[in-house]
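Novice: Each chain, letter by letter, is given below.
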Amino acid sequence: MSEAETQEAVPPLVPYLEPNAGKPYIAGSRCEACGHVFVGERQVCAKCTARGKMKPVHIAETGKLYAFTIVERSFPGVQVPFVDVVVDMDDGAHLKGTLLDVEPNPEKIPFDLPVKLVYREAVPINTKGKPYLTYYFVPA
Amino acid sequence: MSNDVYIVGVDMIKFGRYPDRTVPSLAAEAALMALDDAGLGIKDMQALFCGNLGQASGMVGQRLLNEIGQTGIPVTNVANACATGATAFRDAWMSIKAGVYDVVLAVGVEQMGKGLLGGGSNAPSPEGIIGSGTMPAMFAHIGNEHTRKYGTTFAQFARVSVKNHWHSTMNPKSMYRKETPLQEVMASEMIAYPNTKLMCSVNVDGSAAAVLCSEAKVKQLGLMDRAVKVRASEMSSTPFESRQAAMPDFTAATRLAAKNVYERAGVGPDDINLIELHDCFATAEIVHYENLGICADGDAGKLIDSGETQLGGRIPVNVSGGLLSKGHPLGATGIANIYEVATHLRGRAGERQVEGARLGLTHVVGGGPGMGTACAIHILEKV
Ligand SMILES: [Zn+2]
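Protein chains in written order, with this note's numbering: chain A, 1 to 140; chain B, 1 to 383.
Bear in mind the hints are in silico, worked out from the structure with no lab data behind them.
Each residue gets a CB set at the ideal place from its N, CA and C atoms; glycine is no exception.
Mixed in with the good hints, there may be bad ones.
In silico BS3-like pairs for lysine-lysine, Cα to Cα no more than 27 Å straight-line [stated by the list, open to error]:
id, chain 1, residue 1, chain 2, residue 2
1, A, K23, A, K47
2, A, K108, B, K149
3, B, K197, A, K108
Have a look at the derived ranges for each label pair, beta carbon to beta carbon [as the list claims (entries may be wrong)]:
id, chain 1, residue 1, chain 2, residue 2, range
4, B, E263, A, R42, 45 to 51 Å
5, A, K53, B, R148, 48 to 54 Å
6, B, P74, A, V44, 23 to 29 Å
7, A, K53, B, E351, 21 to 27 Å
8, B, E263, A, K53, 31 to 37 Å
9, A, N105, B, A98, 39 to 45 Å
10, B, Q220, A, R42, 52 to 58 Å
11, B, M371, A, H58, 49 to 55 Å
12, B, R21, A, A33, 49 to 55 Å
13, B, T153, A, G40, 20 to 26 Å
14, B, N66, A, G22, 56 to 62 Å
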């Protein structure tokens, strides 16, 4: 099975992740009135209240780390530690996620670290082993 | 006669774990304590405003009246995240301000399990895969943002817990009453960096209640000897913040409510003698120093280091022990904070008394990922 087929076979973990036949992207909306870029689809701009101005966009694939934490305690079954980050994407969107391939040590995680999105399968703790398509961040 | 509103009775139960009690019974206990403090009975109350989150659809206010007297008064049940109790109090205040009633009861109550908050959905859990939805992680981001902007250190955040745990040793109604030196706070189990276990608020059961009264009624009943004036009451929800979907905002909402409450009261942060603010995590107290204007932006780390926010300092914060040690029964917290400040303004706070307290401020702010924020701030004044 090709990678594309594998990714198509599993549903996305969150509604704003568009599987797109093996070429996943984060779905977003850009307000043509104020320019704000939102993650996910929406109809009205929460920033400027404009109606009918939302244009669907693909969220940028790269960005810079804004803030992080290293989660050492989570719900039963969740592998810890993991690095939970807020990323300022290069198109102005803001996206939360898990950052892979860094040492979970606050001294080793610089602010503004350039990161990029990767798309992989993962098994949530409450799906009885059923995998879902998700995204992660890795250093760019 | 002014249309000012006064608290004439206020109390809280000792926060703790009461697994064998019911939510209405916890609420009833605080309600009777507040009524006794006012020297009034449930028959004197014209309306009840009851805050609870865990049984938000469970008619807790009516069940409370079933325990202490079904007088037929209107009941409003309120749920508004960590601002639930304060929202019930504010609704009670508004009902008198509007002239509809002249003496009403506000109650906040919560019965909680132990453990992490932030889960609880049937959808596939993104926990660990797309960051964390836990409260400690959310408030870790908020602290980390402060570090990013101003270089605030792990030790500075930890010092908040040292201070509030020390304060709680003087509060007989606190869940915990144990000093925790800095080394112990920093070395306790890491939950989400920089928040260690001792830097997370305690999930407890609790209840608190207040009797509110119009000025005319206070005078008619002869209760001015125990009254505390509600100088101002303000609430906000999150004004748009660009990162709010990735990182829930508690700052913009607090700043908006703070600006409005100071304006409404006609005072500034320098006029306030003590504050009970929403220290759900140690990182939160640091950012709220700036959000409430008790120091300049960027100076909160220096402020905690200076000792000015501990008992005896310039502006004591969370002398009750705060959510970190006294405990955080979500729906009760907002009224418990009001109890604490009112107790100081009445000069009845015992060994933790803030001497000469004339004006005090209470702050709660709550919300969650993708939900937005509820913030409530009250300024109370000695009569
Ligand atoms: Zn807009």
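Novice: Holds or violated: 52 to 58 Å for the Cβ distance of Q220 of chain B and R42 of chain A?
Specialist: Given about 54 Å between the Cβ atoms, the range holds.
Novice: Indicate whether the distance between the beta carbons of T153 of chain B and G40 of chain A respects the range 20 to 26 Å.
Specialist: Roughly 36 Å apart at Cβ, these two residues miss the hinted range, so it is violated.
Novice: Should the hint that K53 of chain A and R148 of chain B are 48 to 54 Å apart at their CB atoms be regarded as holding?
Specialist: violated (32 Å)
Novice: Within 56 to 62 Å or not, the Cβ separation of N66 of chain B and G22 of chain A?
Specialist: Given a distance of about 60 Å, which is inside 56 to 62 Å, the answer is holds.
Novice: Are N105 of chain A and A98 of chain B spaced within 39 to 45 Å by their CB atoms?
Specialist: Cβ of N105 of chain A to Cβ of A98 of chain B: about 56 Å, so the range 39 to 45 Å is violated.
Novice: Given a hinted range of 23 to 29 Å, is it respected by the beta-carbon distance of P74 of chain B and V44 of chain A?
Specialist: Violated, since P74 of chain B and V44 of chain A (Cβ atoms, about 35 Å apart) do not stay within the stated range.
Novice: E263 of chain B and R42 of chain A, beta-carbon distance inside 45 to 51 Å?
Specialist: violated (33 Å)
Novice: With 31 to 37 Å as the target window, see if E263 of chain B and K53 of chain A comply at their CB atoms.
Specialist: Hint holds: Cβ distance 34 Å, inside 31 to 37 Å.
Novice: Keeping to a limit of 27 Å between CA atoms, is the pair of K197 of chain B and K108 of chain A held or broken?
Specialist: holds (22 Å)
Novice: 49 to 55 Å was suggested as the range; check whether the CB atoms of M371 of chain B and H58 of chain A agree with it.
Specialist: About 26 Å separates the Cβ atoms of M371 of chain B and H58 of chain A, which means 49 to 55 Å is violated.
Novice: Could you grab the alpha-carbon distance between K108 of chain A and K149 of chain B and see if it respects the 27 Å cut-off?
Specialist: holds (18 Å)
Novice: Verify the proposed pairing of K23 of chain A with K47 of chain A, using a straight-line Cα cut of 27 Å.
Specialist: Given pair K23 of chain A, K47 of chain A is violated - Cα atoms ~30 Å apart, limit 27 Å.
Violated hints, listed in ascending order, are 1, 4, 5, 6, 7, 9, 11 and 13; each of the other numbered hints is respected by the structure.
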